[in-house]
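Novice: Take the given structure of chain D and dock chain W to it, following the hints.
2 protein chains.
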Amino acid sequence: MAPKHLSVGSSDVPPEEGKLRLYSMRFCPYAQRVHLALNAKKIPYDVVYVNLKQKPEWFLERFPLSKVPALVVNNTDLYESLVIADYLDEAYPGEKIFSQDPLQKAKDRILIEMFNKVSGLFYKIAYAGPSPDPSLLPDLFDAFDFFENELKTRGTPFFSGSKPGGVDYMIWPWCERFEAVRILGGAQFRVPKDRFPKMFEWNKGMIEDEVVKSFFVTPEQHAKFMQSVVAGSPDYDNIL
Amino acid sequence: MAPKHLSVGSSDVPPEEGKLRLYSMRFCPYAQRVHLALNAKKIPYDVVYVNLKQKPEWFLERFPLSKVPALVVNNTDLYESLVIADYLDEAYPGEKIFSQDPLQKAKDRILIEMFNKVSGLFYKIAYAGPSPDPSLLPDLFDAFDFFENELKTRGTPFFSGSKPGGVDYMIWPWCERFEAVRILGGAQFRVPKDRFPKMFEWNKGMIEDEVVKSFFVTPEQHAKFMQSVVAGSPDYDNIL
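Each protein sequence line maps, in turn, to chains D and W. Following UniProt numbering, the numbering of the first sequence begins with 1 at its first residue and continues without gaps. Following UniProt numbering, the numbering of the second sequence begins with 1 at its first residue and continues without gaps.
Simulated from the structure, these hints should not be mistaken for lab results. The structure displayed is predicted, hence computed values, not measured ones. Just so you know, even glycine gets a beta-carbon here, dropped at the ideal spot from N, CA and C.
Listed next, the stretches of chain W that the computed footprint assigns to chain D, with coverage defined by at least 3 CB atoms under 8 Å from CB atoms of chain D:
#, stretch
1, 72-79
2, 82-94
3, 101-112
Derived CB-CB ranges, DEER-like:
#, chain 1, residue 1, chain 2, residue 2, range
4, W, Asp145, D, Pro130, 35 to 43 Å
5, W, Asp145, D, Ile207, 42 to 50 Å
6, D, Lys163, W, Ala231, 53 to 61 Å
7, D, Pro130, W, Lys213, 54 to 62 Å
8, D, Val13, W, Asp235, 53 to 61 Å
9, W, Ser131, D, Gly155, 53 to 61 Å
10, D, Gly94, W, Lys204, 44 to 52 Å
11, W, Ser162, D, Gly129, 51 to 59 Å
12, W, Tyr92, D, Phe146, 25 to 33 Å
13, W, Ser131, D, Gln54, 38 to 46 Å
14, W, Leu60, D, Ser7, 46 to 54 Å
15, W, Leu60, D, Gly155, 24 to 32 Å
Okay, chain D solo, but in the shape it has when bound (with noise of 0.2 Å):
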């Protein structure tokens, strides 16, 4: 694994043997998705951690689209979250982490559709200015209704049943940085506990979740990153 993020003037790292290789950005919502989808089937990669501000050369050249994630295998390009999560799953062995039944993957596909209107908002809201902006939160709450009466009619602690799932770890990312959002704006960006009783459960055993742990950043670090996006000068290598 490259140790820091690397940047204009770098040269890519050489593949580890029989293993995949994924390019990423530590704080990037996407390529978490990839992160959990691959830790949670436990298929051996390796990373490769990139500027996005100053792109390396070799990264640009390789990659049209010059966006992360991107996954390796051998020697095809997979770009978009959800289609290398799908991949993975399909190709590899292990426990499944989305559901088998075609109209369960169907609906369950759907719910991760609607979270980018999450997803958006939370976009917006977080990156604002210096501090977040609280005009977008009613809409934030009205959007994260539809999730918590999900969980009321599955009746499952998370999305995927007793345990997280694919679907729980497609969601999750933008879930982990709310936190940082309350630490920036204060009380008034706290989810309100009483309106959103399952999503806080949901949200208590999703960090207790191993597969959850193993790519965790802490709100304050998340806190630390966004305004240090905000600055114009994101520091990437904050945790690393």
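Specialist: Positioned in the frame of chain D, the structure of chain W alone reads:
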């Protein structure tokens, strides 16, 4: 099947025994994806077309997203054209329209994702005003290069191989509409044949495909519909 697009004040149509129910709009390219997948798989379904400008009350109430396509499977509502197409291919017997090889399937899904750039530009060009806007044509053709090269690399007449399949059907709806833009905007909107010889052959093959024919709209009809949209009163029933 409901004969016309149902609108405010209408009632929903009772489902037909033994058929899936698809809520659709005749000119929606995303809904067209699902029609093509259903027709390719020869799955029995009935259609209720919905006036998206004046949505029926029952449609707004039943579907929280109020989007088409929506497919009803045993009282479960499925959204998102790609999720629905994948579901149909997995859950129903008959010839598979998507690759069964996980890596090829992932590559095909990435290709469909990359087509979002084409469809986004297409929308901006086609719906710019009474006449299409030529300023984004160079960007559109640049985005097209990827697909021309991909056909060259794959070495097959269709993205799915020797005959059209899921990938082809998922990107076709926007390609069907290009000729309508030329009708409305004139010769400058002609896709240059010398730059895209493979895509030209692909297009000819697609128009002759039975599945594509099963839900085809002529360029003249598309042009007429586009004009009605830009004028503010979409002529949904123009071919029903």
